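> Work out the full structure: start from the sequences and follow the hints.
Read the sequence shown against our numbering and you will find it ends at 229, with the numbers running on by one and no gaps.
Treat the hints with caution; some may be incorrect.
What the hints assert, rightly or not - Pairwise CB distance ranges, derived in the manner of DEER restraints:
| # | residue 1 | residue 2 | range |
| --- | --- | --- | --- |
| 1 | Asp-125 | Ile-94 | 20 to 28 Å |
| 2 | His-178 | Tyr-99 | 29 to 37 Å |
| 3 | His-178 | Ile-89 | 29 to 37 Å |
| 4 | Gln-209 | Asp-124 | 28 to 36 Å |
| 5 | Lys-131 | Ser-223 | 14 to 22 Å |
Calculated from the structure, these hints are not laboratory results. Treat the numbers as computed from the prediction; the structure is a model and nothing was measured. No residue lacks a Cβ here, since even glycine has one placed at the ideal position from N, Cα and C.
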Amino acid sequence: QMARTSARPGKTQTINHYRINGAWYLVDLPGYGYAGVSQTQRSNWTALMDDYFLHRKNLLCTFVLLDSRLEPQAKDLDFISWLGKNEKPLALVLTKCDKLSRNHLRQSVQLYQNRLLRIWEELPPFFLTSSEKRQGRDDILGFIESALSDSSGVQ
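Rendered as structure tokens:
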């Protein structure tokens, strides 16, 4: 089964589960960032996500997708901090890396790292990705495989 995507942000409005290779689940959640929805709907998503993250015992990792073309956004840093405070494992995925020059990409990564090091002792894993060039795909899949093998069979 293929995940549906949209050119418009805010299209994911439910928790969507995708079983991968019959072995584990990729779960797509509503975003918390740019979405042309009402404040009420955004509040409903927040409650849904809080419940999901706080009560999901078998959560191995949350991949936080960040647009590499943008400076670190307060809402992203707040969510990353919230995950950390609630001791939820996470990794950061910088998207659209092919849209930046190497120098600008390096600056983007440094900005995120510097901001996070203000409040974190150790940085979470970072992945640089491009869906168009399939950059970072193998690194993320390797990370997931490692997390699955470390989890002793928890799915």
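> Is it true that the C-beta distance of His-178 to Tyr-99 lies inside 29 to 37 Å, as the hint says?
holds (35 Å)
> The hint says 28 to 36 Å between Gln-209 and Asp-124; measuring C-beta to C-beta, is that right?
holds (32 Å)
> Could you tell me whether the CB distance from Lys-131 to Ser-223 stays inside 14 to 22 Å?
Between Lys-131 and Ser-223, where Cβ atoms are some 19 Å apart, the hint holds.
> So does His-178 sit 29 to 37 Å from Ile-89, Cβ to Cβ?
With a Cβ separation near 34 Å, His-178 and Ile-89 satisfy 29 to 37 Å, so the hint holds.
> Is the gap between the beta carbons of Asp-125 and Ile-94 within 20 to 28 Å?
holds (23 Å)
Every hint from the earlier list agrees with this structure, and none is contradicted.
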